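> Those protein sequence lines, which keep their order, are chains A and B.
Numbering follows the working numbering, in which position 75 of the first sequence is assigned residue number 110; successive positions increment by one, without gaps.
Numbering follows the working numbering, in which position 213 of the second sequence is assigned residue number 248; successive positions increment by one, without gaps.
Derived by calculation from the structure, the hints in this document are not laboratory data.
All values reported here derive from a predicted model rather than from experimental measurement.
We put the beta carbon where it would ideally sit given N, CA and C, even for glycine.
Fair warning: there could be bad hints in the mix.
[As the list claims (entries may be wrong)] Subject to a maximum C-alpha distance of 30 Å in a straight line, what follows is the list of computed DSSO-like cross-link-like pairs (lysine-lysine):
1. B:466 <-> A:169
2. B:169 <-> A:331
3. B:201 <-> A:502
4. A:235 <-> B:262
5. A:242 <-> B:235
6. B:242 <-> A:235
7. B:334 <-> A:100
8. A:529 <-> A:544
9. A:100 <-> A:74
10. A:287 <-> A:268
11. B:486 <-> A:169
12. B:543 <-> A:543
13. A:529 <-> A:550
14. A:268 <-> A:169
15. B:235 <-> B:308
16. B:334 <-> A:169
17. A:331 <-> B:201
18. B:329 <-> A:100
19. B:331 <-> A:100
20. A:486 <-> B:51
21. A:334 <-> B:543
22. A:452 <-> A:498
23. A:617 <-> B:495
24. A:610 <-> B:550
25. B:543 <-> A:201
[Said to hold, decoys possible] Some chain A residues near chain B, calculated using beta-carbon distances under 8 Å:
26. 69
27. 224
28. 227
29. 232
30. 233
31. 244
32. 272
33. 367
34. 380
35. 443
36. 563
37. 580
Number of protein chains: 2
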Amino acid sequence: MYDILKNINSPKDVKKLDMAQLNILAQDIRDALFNRLTKIGGHFGPNFGIVEAEIAMHYVFDSPKDKFVFDVSHQSYPHKMLTGRKNGYIDDACFPEDSGYTNPEESEHDWFNVGHTSTSISLASGLAKARDLKGGTENVIALIGDGSLTGGEALEALDFVGSELKSNFIIIVNDNQQAIAECHGGICEHLNELRATNGKSENNIFKALGLDYIYEENGNNIEAMIKVLQSVKDIDHPIVVHINTQKGKGYKLAEENREAWHWCLPFDKATGKYTISLPAESYTSLTRDYILNKAKSDKDFVVITPAMPMTAGLTPDLREQLGSQYVDTGIAEEHAVAFASGIAKAGGKPLVVTNSTFIQRTYDQVSQDVCINGNPVTILLNFTSFDGLTDVTHLGIFTIAAFANIPNLIMLAPTSKEEYLNMLDWSIEQKDHPVMILMPGNAVTSRSADKNFDAINTFKIEKSGEKVAILALGDFYQRGEELATQIEAELGFKPTLINPRFASGLDKKMLEELKKNHQLVITLEDGILEGGFGQKVAAFYGATNMKVKTYGLQKEFYDRYNPQELLREVGMTTKQIIEDIKNLES
Amino acid sequence: MYDILKNINSPKDVKKLDMAQLNILAQDIRDALFNRLTKIGGHFGPNFGIVEAEIAMHYVFDSPKDKFVFDVSHQSYPHKMLTGRKNGYIDDACFPEDSGYTNPEESEHDWFNVGHTSTSISLASGLAKARDLKGGTENVIALIGDGSLTGGEALEALDFVGSELKSNFIIIVNDNQQAIAECHGGICEHLNELRATNGKSENNIFKALGLDYIYEENGNNIEAMIKVLQSVKDIDHPIVVHINTQKGKGYKLAEENREAWHWCLPFDKATGKYTISLPAESYTSLTRDYILNKAKSDKDFVVITPAMPMTAGLTPDLREQLGSQYVDTGIAEEHAVAFASGIAKAGGKPLVVTNSTFIQRTYDQVSQDVCINGNPVTILLNFTSFDGLTDVTHLGIFTIAAFANIPNLIMLAPTSKEEYLNMLDWSIEQKDHPVMILMPGNAVTSRSADKNFDAINTFKIEKSGEKVAILALGDFYQRGEELATQIEAELGFKPTLINPRFASGLDKKMLEELKKNHQLVITLEDGILEGGFGQKVAAFYGATNMKVKTYGLQKEFYDRYNPQELLREVGMTTKQIIEDIKNLES
């Protein structure tokens with residue numbers, strides 16, 4: 036097992052191998068991928084498809100002197116194995132050592148910590164510019180997938196390097212004919228044309244942008260890849276090396292269903308079945324069902340996603356069923372949001388769905404294209420919780436601070452299944468506000484809820500009490516319930532429990548009334564404190580005698596943490612909060 | 036004067052004119068542009084160049100049934116004159132009625148309030164999608180300049196419509212061979228090729244993206260423009276109409292110096308000289324001089340701007356002088372920031388310069404590409420103040436709330452010339468932090484300042500006092516000085532005056548010490564309160580007996596306001612603050 040791979044401690048060891056050994060190494064890498072991914076899951080298809088290309092990259096170039104930049108990192112696992120990090124794949128005890136993303140803290144062969152798409156050309160061009168300023172001679176190589184090419188940052192960079200960078204720069208376009216879901220957009224169709232003509236098509240977008248271009252059909256053939264990379268090594272100008280690869284290569288199920296195997300949970304290799312099960316009902320499944328019903332009954336309704344249909348549970352068959360009421364913009368968040376603004380302006384009912392971390396790409400579009408114009412776009416975000424995705428590049432904890440301070444945007448934080456669905460429907464039907472909805476990150480809970488949210492920024496008192504008022508926002512509502520119960524049990528009085536519902540503004544009238552028989556307001560929010568909900572409350576009471584304690588996360592890039600430990604670290608377990616109440620400055 | 040224009044009250048009136056009259060109308064429009072722009076300034080070159088095309092657009096299409104979307108609005112003035120808003124140009128008393136940007140509140144012929152570039156294709160494609168859902172038959176037309184085509188949002192949209200929109204959609208690419216400064220990027224060079232071949236080049240980026248394409252060389256000829264637009268009216272698929280126009284056409288000075296005449300202050304038509312004068316020393320001139328000196332002495336230093344060189348006073352001759360140490364990325368903010376991260380990673384010293392409103396495009400790049408990676412990029416922002424640009428699309432008041440809550444980012448708010456230059460130099464030289472610097476919006480003031488800011492989040496006590504502590508951030512420091520003086524005069528005690536210097540964090544030790552002999556902390560900031568600096572201070576003291584009053588602007592899209600009136604409206608004149616102190620809850 037791992038006969039060749041076990042002796043690879045750096046790229047130098049790759050260069051010593053002959054072609055037969057390199058091909059065994061490819062098999063070893065796939066075996067190692069299976070070992071890790073069957074047990075802890077991760078990005079499957081992109082890594083299985085890029086094995087030969089990355090072996091060839093390390094064979095031909097001299098990393099870290101020559102610099103590789105990987106887009107979104109989903110295809111960086113073979114590179115990691117070849118740069119001293121094979122144990123993260125072949126030794127189960129070492130799995131946690133490997134972040135699943137390129138990471139300069141792990142290795143000098145990684146230049147950036149990357150988890151969002153479409154960044155590699157831009158980042159790498161900066162490395163090339165600094166090289167030129169300093170008179171260096173190394174190669175700089177950006178690897179990017181066909182799906183990632185549709186992102187604005189990649190397109191801006193492609194436009195830039197073709198005409199502005201006059202020195203060595205190699206862009207490897209890894210064309211596996213797939214984003215996460217199927218590809219969308221003109222570039223992807225154009226790549227079909229380039230492949231069909233073996234790269235000879237007169238019309239060539241890369242050449243149009245001023246880039247040199249070369250095509251390699253056999254991207255999964257190490258010998259062919261070595262040859263093409265040797266031909267561009269030390270080139271004195273920017274060039275695109277367009278390679279054709281098979282996503283998921285080496286696992287029949289993944290080759291046949293590229294979308295399902297882009298990413299995987301732990302699975303059984305023989306059957307492909309996941310070895311852990313997901314709850315039948317989740318906020319994702321509720322969203323999926325809502326979308327399907329709504330689309331049937333309302334022809335003005337359209338769901339838009341920047342390449343993240345599964346975040347709303349929209350499998351290929353359901354997308355087909357939605358027809359023209361479903362739009363995948365490709366990885367193009369900015370366009371998705373502005374496009375939705377146009378739809379809303381002309382009387383359509385657009386719902387934009389993606390993960391909260393990716394909507395960060397659209398701060399300006401949400402502000403300018405949507406909110407200044409007041410167009411009723413609904414933006415629904417998944418993975419908004421601190422215990423959703425815990426990789427530093429995918430945290431949902433910045434969403435409230437980033438977006439709730441944009442004027443005109445109503446940010447809704449539902450606390451139960453009923454409230455979630457009512458908010459979603461209210462938002463899509465109303466015509467006055469841009470709305471962002473934070474899909475709860477916890478298990479589905481049930482509780483009766485209002486149907487109408489026209490009275491913006493009206494909080495809801497769920498349990499009336501005295502002395503302490505708990506404002507428990509969104510999916511931290513259940514923590515608020517627990518805290519209220521404990522306060523009553525331990526401190527001997529019944530506090531007030533409030534469901535703010537709106538994360539983007541204050542119910543000033545209610546807050547004013549709380550002064551009558553409360554001395555302390557506690558805020559709980561599933562996000563960073565700075566710029567968040569609690570600080571608005573603290574400022575509201577700043578010049579009064581009301582005390583305010585805000586609970587949430589620190590302004591930090593947490594990475595791969597244990598969520599329960601993190602809560603303790605920031606002092607927001609129920610026990611810690613009760614201690615704080617006891618110790619309050621009088 | 037205005038013989039034809041004075042009778043144009045809607046596009047219907049345009050359709051009645053014969054060719055001779057249409058040509059007189061073009062001259063009338065230019066006269067009207069001169070009338071407004073010589074007196075109050077505005078966007079010059081783009082409007083002078085598009086006169087004939089917009090007459091033809093209104094002649095051929097039927098607005099508002101057919102829908103025009105203008106990119107960035109810099110070329111929308113002729114359209115405004117043809118849609119009932121000529122008085123904003125020919126009648127001096129009516130100038131304020133016209134916003135200078137497309138604005139649905141002004142007219143049913145405007146679909147969006149737009150002031151950022153690269154949005155028209157995306158917004159318009161949404162209008163087209165809603166039309167298709169509703170079974171409409173109108174034409175949807177997006178107008179975009181060659182300079183704006185390099186923005187990620189435009190590129191994403193171009194990629195999308197070519198393959199995903201299967202219905203009527205007309206993109207007019209107004210190619211005047213100029214952004215604000217000269218164009219940069221592969222697309223602009225490609226447009227040269229398309230013009231040189233009269234649109235016949237085999238290689239055609241628009242066709243590569245799946246779009247139909249037609250070229251019109253005579254974009255300033257009404258008859259030619261009518262003909263080409265008639266040929267595409269009611270087309271059943273997306274098409275690019277690439278037109279060649281002369282920026283600044285009709286004013287020799289503007290034709291000869293397209294950059295200087297992109298935008299103008301009030302000027303004398305005969306000489307082209309501005310009729311109002313600007314101060315010799317400004318934070319912009321200080322920035323320019325710093326950049327020129329730094330570049331000479333340090334070959335690792337490179338200044339990068341997304342098409343906004345003049346925001347740092349970098350005229351064409353100075354850019355030439357900077358050589359490879361100056362990079363204009365074109366209108367490509369996302370790339371500019373990620374590119375800078377790459378440069379910093381490889382040991383360069385990048386300074387990104389633009390206006391604060393445009394950096395909003397880069398929230399995700401600042402967070403992911405720069406801050407997660409901790410790369411020492413310096414981002415210098417102009418027009419960060421509430422009294423800089425007052426158009427709703429160009430407000431600087433959101434910058435602190437938008438960016439100061441991103442982990443690892445140090446936001447510096449200098450209060451004098453010396454502090455500004457010291458911060459700039461410290462930031463460029465240090466290697467540990469991404470830094471954003473808010474260029475002060477007020478007149479240049481002089482005061483001694485520290486040179487080293489390694490001790491992050493250390494505030495500076497400028498005047499020690501008692502009872503009230505004033506935290507006066509950045510260019511509101513002078514307001515703090517005035518307030519301190521007035522408090523002493525009116526209330527009979529000397530307050531403490533603090534220059535926080537860091538907008539992105541708190542000096543907790545100092546704030547703790549203030550408790551000893553202060554009962555009230557006042558924060559003053561040049562930005563919205565929500566998500567801003569003062570709310571962090573309020574939350575810090577939330578559970579203590581210290582009172583906090585935060586002063587700043589409301590979370591609102593203010594538009595074309597009087598800055599002094601706005602200060603009064605939000606209750607932050609010195610007089611109002613002193614009243615607040617007197618009325619404080621005891």
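> Hints numbered earlier in the text: which of these fail when held up against the supplied structure?
3, 4, 9, 10, 15, 20, 21, 23, 25, 26, 28, 29, 30 and 32
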